[in-house]
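Given the coordinates of chain A, work out where chain B should sit on it, guided by the hints.
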Amino acid sequence: MSVEYRAVQWNRAKLVYDAVLFAAVALFIGGFTVIAWRLAPPQSLPGALDIWLRAFGVCAFLMLTVVLSIGPLARLNPRFLPLLYNRRHFGVLTFCVAAIHAWFLFDYYWVLNDLPKLAAQFTNWPAYGKFIGFPFKTLGLAALLILFLMASTSHDFWLNFLSPRIWKALHMAVYLAYGLVVIHVALGIMQYEPTPLIPLMLAAGFGTVVVLHLLAGWRERRIDRGAALGGDGWISVGPPGEIPDRGARITAAPGGERIAVFRDGNIIGALTNLCAHQNGPLGEGRVVDGCVTCPWHGFQYRLEDGCAPPPFTEKLVTYRVRVNRGVVEVDPRPLLPGTPAAITCPPGTV
Amino acid sequence: MRRAHRLVHRAVWPFLALAVGLGFALALFFRTLPPA
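Protein chains in written order, with the working numbering: chain A, 1 to 350; chain B, 1 to 36.
The shape of chain A in the complex, shown without the other chains:
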């Protein structure tokens, strides 16, 4: 969190994250190039460019696979949350690697003095009616344009300008980009190279991402169905002692947004589960120094009223809570953002 504008708020965690990321990309590109060079030494400059073209293409596919796996992995197991912290930089670097792949393609035809042939592949209109023989480079270009859109708006300026809801919706286009990339490779290099590694890479990568997303969605269905409402419309959360100290239990009314009911010692408070920054899952965070801390990027809110501590100005929706016959209950009708609603548990109930 910051109250002053900085292009990137660097900290040690981000620097380490980026250093590991750059090292892994350099190692992969270097390793791929050395192995490919030794297996089939290129006889000309276009041959060398072809190796780099493939190295950056494979790297971009694998990076996109990892980027799309981080979200569901973090939802399935909090141990993966550190990967989510700086996922934006991962995404931007993925676009850069994909753009270099496209540049090497351009360079390849340039060196051969054959750029019209490259252009002709995009404008071969009859080929668009075929399946095998479809101009697969068009699919790659479409995916690259989507990744450019993602990378260029991967900043809190655009997040605030567009609002978290629209920004998130826009960034879901990356799923379409991934689908385009898979078909780009399947109709492209997979049709020319006999190696089984390409179909294996596509099946394993795409299969992993699909299974992780389906699994994460299936596991969360129960919460989204919503808890049964009591006679007066309140939801039973459970005895105070069953809410982890400085943690939360997440509940929801049928058809409603999730509510995170936190306990900090003998204080109970309920906030929306949506962080004001990027709609991160607040209920999976912890109470640190009396403030609910988002597990994604560390945004903080006071438990008693959902307000970010000064000088920050974010306010969250709060909910009324009560202890009824030893059971914490929450009223799913939201209060205005920043309304004090936390309570102190009666003695002997925690």
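Covered stretches of chain A (chain B as the covering partner; in silico rule of three or more C-beta atoms under 8 Å from a C-beta of chain B):
no.: 1; region: 168 to 175
no.: 2; region: 180 to 193
no.: 3; region: 197 to 203
no.: 4; region: 256 to 268
FYI, nobody ran anything at the bench for these hints, they're computed from the structure.
All residues carry an ideal CB built from backbone N, CA and C; glycine is no exception.
Relative to chain A, chain B alone:
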């Protein structure tokens, strides 16, 4: 994530798995590699 966002996720991924999976399977089935 908002509830609507999660619902879209749940609708998108089965559709994407089916469409892209089918495309990939067909591309593999009809693969005619050039002679070595």
